[in-house]
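Q: If you want the building blocks of each chain, they are given just below.
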Amino acid sequence: MGWVELVTVLALLQFVFFGAMVGRARGKYGIRAPAVSGNEMFERYYRVQMNTLEQLALFLPALWLGAQHMDTQWAAALGAVYLVGRALYFRGYIADPAKRELGFSLTIFPSTILLVAAFVGVARDLLGR
Amino acid sequence: MGWVELVTVLALLQFVFFGAMVGRARGKYGIRAPAVSGNEMFERYYRVQMNTLEQLALFLPALWLGAQHMDTQWAAALGAVYLVGRALYFRGYIADPAKRELGFSLTIFPSTILLVAAFVGVARDLLGR
Amino acid sequence: MGWVELVTVLALLQFVFFGAMVGRARGKYGIRAPAVSGNEMFERYYRVQMNTLEQLALFLPALWLGAQHMDTQWAAALGAVYLVGRALYFRGYIADPAKRELGFSLTIFPSTILLVAAFVGVARDLLGR
Chain A
82 MGWVELVTVL
92 ALLQFVFFGA
102 MVGRARGKYG
112 IRAPAVSGNE
122 MFERYYRVQM
132 NTLEQLALFL
142 PALWLGAQHM
152 DTQWAAALGA
162 VYLVGRALYF
172 RGYIADPAKR
182 ELGFSLTIFP
192 STILLVAAFV
202 GVARDLLGR
Chain B
82 MGWVELVTVL
92 ALLQFVFFGA
102 MVGRARGKYG
112 IRAPAVSGNE
122 MFERYYRVQM
132 NTLEQLALFL
142 PALWLGAQHM
152 DTQWAAALGA
162 VYLVGRALYF
172 RGYIADPAKR
182 ELGFSLTIFP
192 STILLVAAFV
202 GVARDLLGR
Chain C
82 MGWVELVTVL
92 ALLQFVFFGA
102 MVGRARGKYG
112 IRAPAVSGNE
122 MFERYYRVQM
132 NTLEQLALFL
142 PALWLGAQHM
152 DTQWAAALGA
162 VYLVGRALYF
172 RGYIADPAKR
182 ELGFSLTIFP
192 STILLVAAFV
202 GVARDLLGR
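Residue numbers (our numbering), protein chains in the order written: chain A, 82 to 210; chain B, 82 to 210; chain C, 82 to 210.
Pulled out of the complex, with its shape left as it was, chain A reads as follows:
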């Protein structure tokens, strides 16, 4: 599970980075806590972080459960797609929210594959095949 662990660590480090970018945007665009709106650019950084939180809550369980029911190297490779997808999502969203689609697709796609692989594997186990 070494590569799956590596992908997990990198996904968490990426999330920490997005969080740090929100903190920086707070200062730069003068949005004082507890506010999370009032400046379009700040909101972009904040929405990247929130969407990544949503995707992470799906991706990490899907990755680990999927890796129990498929080749772990393939699971890790799908994880690498997720990491690239999130990086593109960040770049696209900051440039223009309408450009977030490609990055979003590349994060939801690997999670869905992993989840389906987990579902098929779990169903087979329960049906005793």
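No false leads were mixed into what you were given.
From the structure, some residues in chain B lie toward chain A, with a derived Cβ separation under 10 Å:
id, residue
1, Gly83
2, Leu91
3, Met131
4, Ala138
Since the hints were made in silico from the structure, they are not lab data. Beta carbons are placed, not taken as given, at the ideal position from N, Cα and C, and that holds for glycine.
Place chains B and C on chain A using the hints.
A: Then chains B and C, alone, in the frame of chain A:
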């Protein structure tokens, strides 16, 4: 752990569905990213997804930790209550936010039971009994 | 892993408590769902919960992965720092959002150490050392 895995996969699929409903509501009610407010109906869909994210962050660890310290079939049965609770929460909230209470109770209840079971089991282990 | 499990249960209970405080603040400050803004005090409680959700999504995987690659008692001790940090974050933020810094540092610090320990351990495993 087959049934616990199945509940996990279904809870994640349900979360994906709620997310897709937010995406659809974005188009339908004309809320353009990065905005997440401005239309009451859109906000209902968005709040269902956010509340489910909060509940998922509690439920999944509680389910897996609880299942280490209680009968796994009972843990999975509590997970089934969670799934029904979330479905009712979605239906209730979209119809009228005041109607979200039953669904909410049916999601926080199984998580709390699982968490208490985990706590008792962990405490027993640490006390060497 | 007994102490790591205990820290996990306590972190989840703390999160449940913060969520209950948001529910109470909703009534007290008259913020009706689906709204999550409109009163500064309500927003403080809500932001504590949301920030804790973000931190929990980082902390729990970092704790469990870190504990695979370092002394588990040390991992649990770092977890105890997280718990104290979150309690201080709550107290500070409710009193004055500008006072949230110490509590925030004491939650991001243990997560980062655990994540770095996991990264080093995983990298060593993959490099076969």
